[in-house]
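A.B. asks: Same order as they appear, the protein sequences are chains Z and R.
If you count the first sequence from 1, position 116 lands on 115 in numbering that gives the first Met the number 0, and the numbers rise without skipping.
If you count the second sequence from 1, position 13 lands on 12 in numbering that gives the first Met the number 0, and the numbers rise without skipping.
On the chain Z side, residues computed to face chain R include the following (Cβ under 10 Å): (1) I27; (2) L47; (3) F48; (4) W51; (5) V53.
No farther apart than 20 Å at their CA atoms in a straight line, the calculated lysine to any residue pairs in the SDA-like style are these: (6) Z:K122 x Z:T28; (7) Z:K99 x R:E160; (8) R:K122 x Z:A22; (9) Z:K137 x R:M77; (10) Z:K122 x Z:E40; (11) R:K157 x Z:L47.
These are computed hints drawn from the structure, not numbers from a lab.
C-beta atoms are modelled at their ideal positions from N, C-alpha and C, and glycine is treated no differently.
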Amino acid sequence: MVARRESESAPKRNRTTSERKSARELVITRTFDAPARLVFEAWTTPELFKQWWVPKSSGATLLFCEQDVRVGGSYRLELAHPKAATPMAFFGRYLEVVPKARLVWTNEESDVGAVTTVTFEEKDGKTLLVMRELYPSKQALDIAIEGMDEAMPETFEQLDEFLVARGAGDERA
Amino acid sequence: MSLPTIRRRITARRGGYSRFEVIETLANPYGVLGTIPLPAVTAHVTLNQMAQYAQAHFDASFAALSDPVRRGVLERLMRADASVTALAERFHMTLTGMRKHIGVLEQAELVTTEKVGRVRSCKLGPRRLEEEAAWIENYRQLWAARFDALDTVVEELKRKEKRDGRKKRE
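Given only the sequences and the hints, what does the whole structure look like? Please build it.
C.D. replies: Right, dumping it as structure tokens:
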């Protein structure tokens, strides 16, 4: 296994891919050179999760992290960011929990939040991680990818209102 | 690297001038966009930011997107390319009327057209596609950074397991 020896001598990071699979689905993939149980453990143990979920380059800080990883259990994350006046909370529930294999959770801080499914597939000691984010509608994903579609008309309606309001102000002045 | 993704956006507030402010949205680590209001700014500053923002970003697309038919055309083209004739039929318009709309969208680089034989085919323009591609790339980078950090944690677990395994055998 020449390839493996090479990757051991030079710790090259595996590639992360992202793709809009369909009108309402985003898919991210990444391979880890470790068995699925370890990747799953790092994902579902709060002390470990805290070490990677908010990378330094983000400028954000994880203030609070709670995970009750079982079907129906909830999670809650609170992040601080220099740009944000107040911490941001992200929360939801686990819909499916299959140790070492599969996690499904909701994102409930938004009315149009996605349902996220992460699968851990082990092969030859490596783990292929596939993360799917399924939005309730095409519109919801388009809003996430801001500036697209329905999100735009709404923004422009607001711009219209703004221009009208400014016009009215000018007349008063 | 920009992470989380920060984008400016306009939102409305109630009551006269102060109902407009510029807010920034932050990409939710779980993928959805969370919204964070900026610290309070005076109405004057807000209006200036608004005006600049409108100027810089919206000039071309503003006219293009202010019309419901043109928004419909964009949405239709997000699903698949279409001929001007097909679009005219779909939106119950004359060919001339639809050509005018397509012209406006072309000028804003939201749509491009190509004549194949006798049919003029329309598809999403570079700006529209680039916007989506840029967002997805940004999103990929967010996850790449996160997964690189996860890699480090997992490698540490692997080493720990090896050490513990050796200890057990000893």
